[in-house]
Structure formats: C-alpha cells, structure tokens
Amino acid sequence: GESVGLHLPTLSVQEGDNSIINCAYSNSASDYFIWYKQESGKGPQFIIDIRSNMDKRQGQRVTVLLNKTVKHLSLQIAATQPGDSAVYFCAERITGNKLTFGGGTRVLVKP
Amino acid sequence: EAGVAQSPRYKIIEKRQSVAFWCNPISGHATLYWYQQILGQGPKLLIQFQNNGVVDDSQLPKDRFSAERLKGVDSTLKIQPAKLEDSAVYLCASSPRPGQGGSWELFFGEGSRLTVL
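Protein chains in written order, with our numbering: chain A, 1 to 111; chain B, 1001 to 1117.
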C-alpha cells in the first residue's frame, strides 16, 4: 500500500504498551476536537471526539484528554496492537461542521 | 451500509492536462466535502456542499479547480489545467448532519491519488 506520509513525527511502541499521541491546536472557538486514524492507502477513520466543554472522554481502548489552558489534545491508546499502526491526525471543528486537521503522527507498533 | 465511493483510485497526468474525480456519498448524507491531502500532511478542505449548494470554497484555487454537486448527491471535482503541486490524494467525505449539533461525524472515502508529471 501507499504511505500516507514520509516525513511525519513517528512514535515507535512495543506491542502491548500504551501509546500517547499529542497535538496542539490553535482555534479557541473550536467546539469539538477529533482524532482520526489513517492507514496506508485509505481515508481517515474516526476514532473518538471530545466536546470543548469536557476534559476527558474514554472509548474502547482509547482516551482523549483536552487541556484548553494550553490548547493541547492527546490520544492515549491502551495495550497497543499491530492493527494500531497508522498515521493519527487530530482535527478541530469550527462553525459549519468544518474540520481543520493537524499534521499527523505515525505510530509504528513493534511485535 | 455502503461507504463513500470515489473514482478513479489512481490517476497520472502531465502538467497542463485536465482531470476529474467522482464521489458518491453515503446515502442520505446532506453534506459533502472535498479535501486535498499532500503527502506528509493532514487533509485540507477544498470545498463543502450542503445538498447542492456551496457552503465553503474559500480554499479552492478557483482559477483551476471546480466542483459541482448538481442533484445534491454525487459530486465531481475537476482540475484544469493541472500543475505539479496538485499531486496529492483527493479525499471525499460526507456527513449526516448539517452542523446543527449532535453527532456530526465525517465519513471519508479511500481517496483518489493524483500524480502530475
């Protein structure tokens, strides 16, 4: 398959360990923050979102943390699996259901 | 449920030629988006449709890019004439909500990869 990015920051993690991916955002008016996963040759796939009035939200094996004071968003993946290898993008939603994406982080899971 | 369909998956053209991409959104989704994703970067919104009307095309290079969604369902994105810097993946997405609250998730297609030589 094709690579979605050759010059992205890369996080290498051992299978079974936890992963933490970080993102800084810029727009204080964003009402939702979202994490997407993009596998090689595919479109982005929604993972989890968090509303701007929350600071934590949990899903299945994933947790998103939002720190509005420093405009920081993180995605924690518990017990990382080989299938988690992908590029992860944070995005912020502004008015009109318009998403602005960040630059992405590649996660490589080592067996 | 069928996902967002895009074609062609791959296209190679020479600069100054034209190209068109087609998107069929998820049935019933009112909002359709075209994003451009250059290698190594996050997707960038080109144009957003609500039914057959344009909501936002502020980042669409209108001197060479055009898009339409005539019947509020399928959409086409055209580039004429293409430049080297247009080499990218063109992603189509659709959403079931017009942005009025509640779940608003965007569903992406697999993209159309354009190489301009």
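Hints may contain errors.
As the list claims (entries may be wrong) - Negatives, chain A to chain B, calculated, CB over 12 Å:
id, residue
1, Gln38
2, Asp55
3, Gln58
4, Val62
5, Leu65
6, Val70
7, Lys71
8, Asn97
Unchecked claim - Simulated DEER-style distance windows between Cβ atoms:
id, chain 1, residue 1, chain 2, residue 2, range
9, B, Leu1039, A, Ile94, 40 to 46 Å
10, A, Asp17, B, Asn1051, 32 to 38 Å
11, A, Glu39, B, Leu1084, 22 to 28 Å
12, A, Gln45, B, Val1054, 24 to 30 Å
13, B, Tyr1010, A, Gly83, 22 to 28 Å
14, A, Asp17, B, Ile1012, 15 to 21 Å
As the list claims (entries may be wrong) - Computed list of chain B residues with no C-beta within reach of chain A, every gap over 12 Å:
id, residue
15, Pro1043
16, Arg1064
17, Pro1081
18, Arg1113
Honestly, the hints are just simulated from the structure, not real lab data. These numbers come from a predicted model, not from an experiment. Note that the Cβ used here is the ideal one computed from N, Cα and C, for glycine as well.
Comparing the hints with the structure gives:
1. Against the 12 Å criterion, Gln38 of chain A falls within the reach of chain B, whose nearest CB is about 9 Å from its own CB.
2. Residue-level check passed: Asp55 of chain A sits 20 Å from the nearest beta carbon of chain B, beyond 12 Å.
3. Every CB of chain B is more than 12 Å from the CB of Gln58 of chain A (nearest about 17 Å), matching its label as outside the interface.
4. Every Cβ of chain B is farther than 12 Å from the Cβ of Val62 of chain A; the closest lies at roughly 15 Å, confirming the non-interface assignment.
5. For Leu65 of chain A, the condition that its CB be more than 12 Å from all CB atoms of chain B holds, with the nearest at approximately 20 Å.
6. At roughly 21 Å from the closest C-beta of chain B, the C-beta of Val70 of chain A stays outside 12 Å, upholding its exclusion from the interface.
7. Separation of Lys71 of chain A from chain B is adequate, the least Cβ-Cβ distance of about 17 Å exceeding the 12 Å criterion.
8. For Asn97 of chain A, the shortest C-beta to C-beta distance to chain B comes to about 3 Å, within the 12 Å cut-off, and the non-interface label is violated.
9. For the pair Leu1039 of chain B and Ile94 of chain A, the beta carbons lie near 25 Å from each other, so the given range of 40 to 46 Å is not met.
10. A C-beta distance of roughly 46 Å is found between Asp17 of chain A and Asn1051 of chain B, which places it outside the suggested range of 32 to 38 Å.
11. The beta-carbon spacing between Glu39 of chain A and Leu1084 of chain B, approximately 27 Å, falls within the hinted interval of 22 to 28 Å.
12. The supplied range of 24 to 30 Å is met by Gln45 of chain A and Val1054 of chain B, whose beta-carbon atoms lie about 26 Å from each other.
13. For the pair Tyr1010 of chain B and Gly83 of chain A, the supplied restraint of 22 to 28 Å holds, since their beta-carbon distance comes to about 25 Å.
14. Between Asp17 of chain A and Ile1012 of chain B the beta carbons are some 41 Å apart, a value that contradicts the proposed interval 15 to 21 Å.
15. The Cβ of Pro1043 of chain B does not lie farther than 12 Å from every Cβ of chain A; its closest approach is about 5 Å, which violates its non-interface assignment.
16. Taking the minimum C-beta to C-beta distance to chain A, about 22 Å, the non-interface status of Arg1064 of chain B holds against the 12 Å cut.
17. The beta carbon of Pro1081 of chain B is kept farther than 12 Å from every beta carbon of chain A, the shortest such distance being approximately 25 Å.
18. Listed as a non-interface residue, Arg1113 of chain B fails to keep its Cβ farther than 12 Å from every Cβ of chain A; the least gap is roughly 7 Å.
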